[in-house]
Amino acid sequence: MLSQFAASLVDGLLIGFVYGVAAMGLTLIWGVIKIINLAHGAILALAMFGLYYLVSWGGLNPYVALPLVAIGGLLAGYGIYVIAVRRVVNAPPLSSLLATFAVNMMIIGTATTVFTTSPYSVTFDAGRVSAGFVTVPGTRIVATVAAIIVTGALYLFLYRSRTGRAIRAVANNRDAAELMGIPSGRILALSFGLGTMLAAVAGGLIATFFPFTILSGDAYQLKSFVIVVLGGLGNPLGALAGGLILGGLEGVVQVFTSASWVPVIEFGLFVIILLVRPNGIFAGRR
Amino acid sequence: MRTIGQLRRFAGAGLLAAALVGCQAAASPSATGGGGSPPAGGPAKTIVIGFTTSQTGSLNVESTRQQHGLQLWIDDVNKAGGIKLSDGTAITFQAKTYDDESKADRIQELYTKLINDDKADFLISPYSSGLADASAVIAEQYTKIMVTTGAASDGTYKKGYSHVYQAYTPASHYLTGAADLLAKLDGSAKKIAIVHENDKFSSDVAKALTDYATKKAYQIVVNEGYDSGATDFASFVNKISAASPDAVMGGGHFADTSTFAKQLHEKGVKPKMVALLVAPPEPKFAEIGDAALGIIGPSQWEPTVKFSEEAAKTAGATWLGPKVDAFVSGYKAAYNEDPSYHSAGGYAAGLILQAAIQAAGSTDADKVKAAMDGLNMMTFFGLTKFDTGAEAHGLQVAHEMVYIQWQKGPSDKLAKQVVWPELAKTAEAVYPIP
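Top line first, the protein sequences correspond to chains A and B. The first sequence begins at -16 in the numbering used here and counts up by one. The second sequence begins at 11 in the numbering used here and counts up by one.
Worth double-checking, as some hints may not be accurate.
What the hints assert, rightly or not - Among chain A residues calculated to face chain B with C-beta under 8 Å, some are:
1. Pro102
2. Asp201
3. Gln237
4. Thr240
To be clear, the hints were calculated from the coordinates, so they are not data collected in a lab. For each residue, glycine too, the CB sits at the ideal point set by N, CA and C.
Work out the full structure, taking the sequences as your base and the hints as a guide.
Laid out in structure tokens, this is it:
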């Protein structure tokens, strides 16, 4: 039982890192632009297809293709912001929600027609790593390392670069930032792009683990919502921590009960956090 | 003495008689049907075969192969001029199909459409027990004869239907042979782990296997179901690793079973035997690479089976249709891929219908039904005979499974070998898995 517990906990934590990256994207957009991106799952799933085609048609190694997918996510987000979100940024929250929801439906509809709903998978064997009674596929290890690198890079960008500081300024007080000469429109577009880029990175990494369809993004979008609330809205490091908590919980729950209980427990936790600590476990850190 | 008038009348009558005889000769149908269509002389009739195909969704791979097999049968029969009835009518066939998207809630609407709008005369089921079960309801409701193929679940035939006939070996016999094989290979094996999809078919197989294995004194150390469409089997693999079984059995349909096999390998879990449903016999299964090595799968049919006219005679059954080699080469030529057992099942469903129509000498539904009840035939696919009792009418009682295993061939390439039953095998089973 202990060996199973340890193995499942490790599995859960490793995938939790990837959940964290996905949630970071959502929380960044919320923190800076104050909107909820309902196209988060669709972008994540599109990234999976992007990786698939780069690997199977382009013959690239998935980890070489990943930065290309990330750049694609950044550009896609920038484009979505400029086309769909820009005009509703200052409108009531419902308008921006509907705008991103519309983008979500358009992406899913087009992709279903193009790719159909048959599952795709990226066949890539990265070997395995064993330590005692825990054996982890190589793809999970690489994904965890990638997640940590991406988180570190994001942190450095936000806290050590001019543009990062501008983003934090706009997040803090958009009007004041504009008065300081920061081009808030461009910063907002960049932030949206960064958010979708993180979703794309998460999608690309998940594609190396599991088969997927264009609808696969929905499950991760839901998890991202739970994690964002867990970690505190607008707090990227909180999102990573929340991802680890959720991933670990998922892994461990399945040791004791059937997998069908996992969503019940996840969303039960969601409700409890909203009731007890609505600002998240790591609230107070920005 | 004959008058000129009498002579003229005599000549006129004679000419008329000659003309009538001449017309008769021209109108009688030719002795042989001849090759291509349309058949020379005699009435022709086109029968509409209605079915749905999963052109999209998770059942896409298997369903398309099944449809290819059925279409090949239609093409072969039509090319030969159709089925000849005793009164000279030539029956040709036409397929009518829709996309069911691998979803049960599309089935009833589409089959009703096939019956009412497209006037389908006979029906073939979609691929998979769940979808076939949904379609059987409609077939029975409209009293249309349906041959189910790609559908093994026993439950469908225990509902009191009388118009639904099963081509496949039932689910209850799917993995019981794997337990027999395990007993033969390793008398000391004691523990079996069962991980299966939570759908109708896989659950039926798992239940039958659990009952059979328990009777044979095996210990079932893991017995878990996963949701259809699950992609993360890490927790199941961990459970299996912790329980250290001698054999792992189960699976579901192609996508989830391949992923499960891949993740077993990725996590380095090495049971001595792994027997999984549906996916291993598919040529596409080898795409998971080394993870496929040693995996055993039950198959409704393999290209290396030994069914023939002689075997039919020995079994006391009537033979119909192409030889095994002829089917394989014909399918390859038509679709540029190797046939899987889903393809064979599709073609066999057509042959079953053909046999019933020929035996009945008519396309009348009641006569064909009576003929179906009385069928005892063998094709390249194997034996076909139906249960005609009230409790399980239409259940397949003669067709048996063969078990394949992926082994490394001479050039280190993965290839399928039939390892069970003894009579059908092409190679010894590799045990334990290397």
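**OP:** May I ask which of the numbered hints given earlier this structure violates, with the numbers listed in increasing order?
**Re:** Numbers 2, 4, in rising order.
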